[in-house]
Each structure stands twice: as structure tokens, then as C-alpha cells.
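With chain Y's structure known, arrange chain L on it following the hints.
As a plain string of letters, each chain reads:
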Amino acid sequence: MLSTLNRRSFLTGLGCTAAASPFLTPVTFASGTGENRLVVIILRGGMDGLDALRPYGDANFKSLKGRADQAKVTEQQDLDGFFALHPSLTGLMPLWKAGELGFAHAVSTPYRDKRSHFDGQDLLEAGGADLDGNIRDGWLNRMLQNYPGLQSETAYAVGRGDMFLMKGTAPVANWSPDAGLYGLTPQGLSLAGMLMEGDPLFEAAFSEAVSLSGESMGAMDVSNESGEMVMSAMRQSARDAAKGGGHVQIAEFAASKLKEASRIAAFSLNGWDTHANQSRTLAQPLTRLAEVILSLRSGVGEDVWGKTAVIAMTEFGRTARLNGNGGSDHGTGGLMVMSGGALRGGRVWSDWPGLGEADLYQKRDLMPTRDVRAYTGWLMRGLFGFDSGFIESTIFPGLDMGANPKLIT
Amino acid sequence: MTFTREIAEIRFGTGLSPRLRGPRDVDDMMRRLTGDDDMAKRYKIESFDDFAKRIARVTEHWKVRRANRGSDVADKATQKINSEKRKAVKRKQFWLWNTLLRRAHTQDGLRERLAFFWGDHFTARGKVSLMKRATSPYFESAIRPHVAGYFADMLKAVTAQPVLLQYLDQKTSIGPNSTEGLLAKKASGLNENLARELLELHTLGVEASYSQTDVTELAELLTGLTYNQQGVFGFRPDYAEPGAETVLGKTYGGGEASLADIHAALEDLALHPATARHLARKMAVHFISDTPDPQLVSAMEARYRDSGGHLGEMTRAMLEHPAAWAPELLNVKQPVDFIGSALRALDVSDDHEAFKDWRQIQRTFAVPLGLMGQSWQEPLGPDGWPEDDGEWITPQRFAARVDWAMSAPESLIGALPDPRELVQAALGDRAPEALRFAANAAEDRRTGVGLILASPAFQRM
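One line per chain: the protein sequences are Y and L, in this order. Start counting the first sequence at 1; every next residue gets the next number (the working numbering). Start counting the second sequence at 1001; every next residue gets the next number (the working numbering).
Bound conformation, chain Y alone (with noise of 0.2 Å):
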């Protein structure tokens, strides 16, 4: 423990580098909204929304090549006579009973046509209308930067993969479960953070490494140790995020966080990319975002999770047809998937626009028909109270949010 002590003395010394950032503008806030939690979880390389969860009522479902088999479904899956759940998913619906599930079909990002992985996930988190290259930071941040007292810990971002959407002048910690400083002594510690004086990217990334880390490793002290067993506490930590999947330890870090002080996480859930094999591929990414659901709502337990909301977001849909590999290229409408206490769950939102022919967009995807940034915004609103004209003009520049869907009780 005595370490621990040491790094949090040292850190303080230093002086937190994210806690002293000026910034505020608190005029767009309603008030006694502070205790709700958003969780935001980008789904990196295309889910097939389709697949995810499948339109079975509409008629031309099964006509399209290899959706037959997804038309066929069970009670188990069935939300309501007309979508179904992948099979992966029916583990969460006891959520969908309890209101606590739920779905925007057929949206996107403004995103069209060159279905570019990189450009679909740089719209998706930097939430403008197109890519012309005047943002600079993501939506999150940009909602970060005018909500009412933050702190250095008010926002994490979690786990090995960098989050753009949450990149910003407002400050974000940023953590994975896995990681610790192993291998300093108080004394090498304060060289060490003198060293970093005058870079600031490596000041900052190592004074969050100090704080954080004295906190992850309680009261395992191995400052002392030889090198061997420094490589053998960074080893097990690699076989625990591998063998435990990573994912799970990821959910549970940012429940214990949203538990105190954070109000607001985001992680990335990789492996959608579907293009061969979905029957077999999409089964492991749906099963992940099923466990990391399930773990966030028993991490922050009963009380947290009536005031939280988890979206999770993927860069565009896939083709209504899937390929000769059965497997789906890239395309546009998708799917939004919405869970926690705070929502207004047990439906799926969507102006569904068919699967005919005619109704596809450029004749090969679903048709996106409406924006997830509306939904979003309207999310935003009904947990944070910002108004939706500050919405529209900053944090998702040239969106028309539309009808209010109600998303939160």
C-alpha cells in the first residue's frame, strides 16, 4: 500500500495536468441532471443490422440471397412479431421484458455511397454532416466541454483502443483495466515524472499512468522487484484481458467508475466486419456485446443502472444481400442498439422502409431513414437536459433531431 500512497503523494505533487483545464460554458444545462450515466459503445467494422436483428415479419425478409435462414426464428427470439433477435442476443431478453431494451432500425451517419470503413467510424465519432474536415474533436468531447463541472473523471475512455469520439479540449481519462507501472520505485517515479516536464503528451499519458495505475494494483507492490517479475505481472495481465475476454473486464472497469464519480464511458467492441461465414463470424461480436450489457447492469447494480443509458453504434450497415463467401460487404442503414434503466425501452424505433427491390437504397442496402445522431441527440437531451438547438449546432453540427422519440422514462 505504501505505494500506492506514494504514487497518489507524487501526483499530487505534480499536479494533475486534465483536472486544470479552463474551460465552461454551464448555460446549457437544465438542472439535477448530474446523477445520470451515458455509456457509449462504438462497434468497429460494420454490423450487420439486419442479421443483429432481423425483420422477419417483413415479407420480402427471406427473399433476399442467404437471409432465408435468419427469417426462420424461434419464440425465444421474437420481440414482437415482426423483429426477432439474433440467437446471440437472446440472452438479453429478459432487459427487452423489462423495459430495459431496446432499437433504432434502419439509421445512419450521414455517411454515403464510398462505405470506407475509416471515413463511416471518423463521421460516426466526429458526429458532423460530412467529412470536410473542419472538426477537429469528437461528439463526446464536444458535449463534455460545456457540461457542468467536470472533472478529470467525469469521462473515461476505456480499454487499449483510442476513442476519437471522446477527443477534445475537455478533459478524458482514459484507462485499461490491464494496465499498471510495475517497475518504479518512489524515487524512480519522480525522476522519472521530471523527465516527462516540457512534452506534454508524454506529461499527460504519464501522470494518468501514475494515478491510475496506484489504483488498479491496491495493494500489489512490486516496485521493488526484480525485472523478471515486472515481466511477469505485464504477462498476466495480457493472459488476463485474453483469457477473460477482454471485454468483460472492460464493462466492469467502467461500471465501477460510473459507480462514483464518472457519469460518462466509452469503448470500442471490434470483429464486425463480416464478410465470410456470418453464420459462424457475427455470432462471437453479438455474444460480446450481450456479456458487456449484462455486466455493465450488474457492475453498477440496481440503483446507477435506473439512471443509465448504453448505446452502441456501429459505422454503417451491411448489404441487404449477403455475398458469395456468405458473408455481407459494407453498406448503409444498420442498426442502433439501446439498453439500461433509464430508457424507455421494450419497442424498436424505426420508420421501417421495406426490403423490396425498389425500397433498398441504390437497389443493395438497407434504406437509412433517419439519422442516429437524432436519436443521439434526443438520448442527450432527455439525460442531460441540454437544449436542442445547442445539440444541432455543436455537438452534432447540421442535424435536425426531428420528432422526439421519448427515449427516456
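Possibly wrong hints are sitting among the right ones.
[As the list claims (entries may be wrong)] Pair ranges (Cβ atoms, derived):
1. Y:151 with L:1441: 33 to 39 Å
2. Y:369 with L:1053: 51 to 57 Å
3. L:1386 with Y:75: 41 to 47 Å
4. L:1306 with Y:279: 47 to 53 Å
5. Y:302 with L:1230: 57 to 63 Å
6. L:1390 with Y:34: 26 to 32 Å
7. L:1302 with Y:356: 49 to 55 Å
8. L:1053 with Y:280: 27 to 33 Å
9. L:1384 with Y:149: 39 to 45 Å
10. L:1232 with Y:87: 51 to 57 Å
11. L:1386 with Y:302: 36 to 42 Å
12. Y:279 with L:1067: 23 to 29 Å
[As the list claims (entries may be wrong)] Listed next, the in silico EDC-like pairs over lysine to aspartate or glutamate satisfying Cα-Cα at most 16 Å (straight line):
13. L:1132 with L:1267
14. Y:114 with L:1214
15. Y:167 with L:1389
Keep in mind the hints are simulated off the structure, nothing from the lab. All C-beta atoms, glycine included, are put in the ideal place defined by N, C-alpha and C.
Relative to the frame of chain Y, chain L by itself:
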């Protein structure tokens, strides 16, 4: 701003060495780059053709297994398949060690950096079985010989590589009206993945003007590029979509389907002005700064165009520009650059008993690389590793660098160097005063060495 040996080694090479002197000037750098590939001879990595023999053996065992289901013969075949897979897993670790040794012992660091850069440009990962371990052989065969040659040759080489064809789903992209497509024995069809990435990532760049139609037409043109069960590349006319295809306004093929039509399109893509712009900028970002001097980029772009798409000439144009020699180091080393340059600064021996055990390589290098955010040869997408320094220096990733710096060196060399000497070896006259002080003030050698390697002065390039 002119050539210095230190900048040459740190920014364009694999770091400073206490033993190897490094190049004298830009001409010397280019002479080394275009001379013999000494490191490839000394620290061998299998060619893809040799790797394919492993694939062929596994295919043979599969056939035996299928023909003898349920018998002892089938069990034997399964054992042999598993043994081949284990061997490939081990080879991948030895090739990582050899990759690092090349960086530690080369007199031609620029070649190692270029091989990594262009390999990353053509990122590919095998998806199944042995192919998952084939990345190093793929780079060795298709990338390394072309780093100072014509870009079109590299394009032709990579599109004949099973690893890339598998990764971007080209192997089974079949023209709907081809002989195979019309047979329709099984569900088949066009897959646009390689065509899209060829335009977006490999040649024109996403900012160029091309349309979905160009992507689809190019996908049709590329049908026929495939490989067999022995892992050997081939062009199959019976997979090729009949008829001519028009890409960016130019029409290819139309007669009997042939590889030459595809190569004609690749030649044109290589010489497209948007490709010159895209490659020049990307290279300047990788080597110099996330926001490189526009004049330097223009000079590289122009030389690429004037030389008919010659990568060696574009590299020379970069090195001849004064902005390349700005004294301030603006980029951060990627994890493999960091570890490679640490081995070089510590002058780690290539005859290291511990690393004859592949597990030791995995523990000492592969696992830490993953924690630093660079799981070896497993980037998340076909756009490869990020260039943005902020992506690498997050608290959790930087913590892994600090941990490695504090712990790995003592398992790499018999006796740790005096930190005061290591400062000079690793940074030369560029060592900041604070670092010289810390090296002196550290309570033990391990901490002193670790602090030097973890310091921003060493982490930047």
C-alpha cells in the same frame, strides 16, 4: 537544416548504436539502401514460396484425413496438421526476433524502416490455419525487394500474394457471369473488398475522386486473382468476369481474360497523380511529422511523378529536402521502433541463448508489443497502424513502455551498462541535460537504464 548522422539514424534509421557508425551523408544512405541486403542474408526470414510448402503439406494431411475418417491413419494426419501449426507459431516468433536483430545490427537502417512502412501500407493478415503466421514471409517476398524500386512492381507483387488475397476476400471473388459463376454449383459472387482498399488505401487515397462504380468495375476486373490449396498464386480465367471493365474512365480487357489486363490497371493506378500525392504525404507523415512541411511533400510527389513512380527516387527527394533534417523530433516511435532502437542502443548480441526458445521471444517482445498497442502483425484493419502520436502515448500504452524499459534490458544483456554511458550511446549530443542528471541520480542501473529508454528524448524520432 542539413544532414546529421544522429538525425539520419534516429529519424530515418533504427536508432543510434554505440558500435555502428551510421551513414556519412544522403548519398551514402542511398548507396546502402540500393546495395546488397546484408541483413536479409544474416537474419533470415522465409520467403512466401517456402512458406507455401508448409501449406501444401497441411493440405496433403487434410486429404489423408478425409479419405481415412475414423481410422488411426486419420489420427496420425491430425497430429501432423497440429504439428505443422505449432511449428508455424514458433517460426512467427523467430521471425520477430530476426526482424528486431536486423534493426539492432544494420548499417542500413533506412531499409528496415521502409520495409516496415510499405508492409504496413499493404497490411494483410491471414485469416485461417497456417496463413495466420505468414505475414513475415509475405513482406519478405512482396515488399522488401521493392522498397527502393517501382511502386507498380510492389503493387503487382502484393496482388499475387495469398495472404493479401485471403485478407481482402479476393480469393473467392467470382465473376457472376464467369464460367465458374454460371455453373453456380455453390453460392458465388463478386467481393469488392480488395478493389475498394486498392483505391482507397493502396493507391489513390480516399480523398481522390472515384465512385462506387469504379470500385465495382475494378472488382470485376480483379476476378481471377486467386491461389490454390498449396498456397500457390494463380490467375483463373474461369473465375474472371467476361467483358471489358472501365476504371477511372479507362477501359481494360474485353478479350480473353488475362492477368495482363489487371496489371495494366495497376500500372495506371500507380502513375495516377492522386497516388503520387497520397504516397508522398503518407511517407512524410510516417518519417517526419504528423503535419509535414507541404513543400517537402510537394517535392516528393513531383519526384515520384517524374520518375515514373519510383519509390527510391521519392525517398531520395525526402532526404534531399532541408525540412527532413529539422533538429526537433516531432514523431513518436511506434512500439516496434522503440524496442528495436532499445536493442540497438544496448547493443544486444545476436547469439543470445535465451532467444533460441520461442516462448522467451514471445514473453520478452510479442506480449509487451501487444500491451503497447501493437499486437505483432495484427493491426485492427487494412489501414494498418495509426500515425497519430496520440494514439500510441495513452496512459495505458505508455505504462507498458515504461514497464518494458524498466524490466526487459536485464534479460537482454549480461550486464547493464553504466546509465551515463548509455545516455551518450542512445542519444549522442542530443541528450537533454535533465536526462543526464536522471541517469546519474538513479538509485540503481536498472532504473537508470529504464529511465533513459522511457524518456521522451528516446521515445521520439
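These are the hints, each one checked on the structure:
1. Y:151 with L:1441: 33 to 39 Å: holds (35 Å)
2. Y:369 with L:1053: 51 to 57 Å: holds (54 Å)
3. L:1386 with Y:75: 41 to 47 Å: With a Cβ separation near 46 Å, residue 1386 of chain L and residue 75 of chain Y satisfy 41 to 47 Å, so the hint holds.
4. L:1306 with Y:279: 47 to 53 Å: holds (52 Å)
5. Y:302 with L:1230: 57 to 63 Å: Once the Cβ atoms are compared, 59 Å apart, the range 57 to 63 Å for residue 1230 of chain L and residue 302 of chain Y holds.
6. L:1390 with Y:34: 26 to 32 Å: holds (29 Å)
7. L:1302 with Y:356: 49 to 55 Å: Holds: the Cβ-Cβ distance is about 52 Å, inside 49 to 55 Å.
8. L:1053 with Y:280: 27 to 33 Å: holds (29 Å)
9. L:1384 with Y:149: 39 to 45 Å: With Cβ atoms ~40 Å apart, the hint holds.
10. L:1232 with Y:87: 51 to 57 Å: violated (39 Å)
11. L:1386 with Y:302: 36 to 42 Å: holds (39 Å)
12. Y:279 with L:1067: 23 to 29 Å: holds (28 Å)
13. L:1132 with L:1267: Measuring from Cα to Cα gives roughly 29 Å; hence the hint is violated.
14. Y:114 with L:1214: holds (11 Å)
15. Y:167 with L:1389: Within the cut-off at roughly 13 Å; holds.
Going down the numbered hints, you'll see the structure goes against 10, 13, while the others check out.
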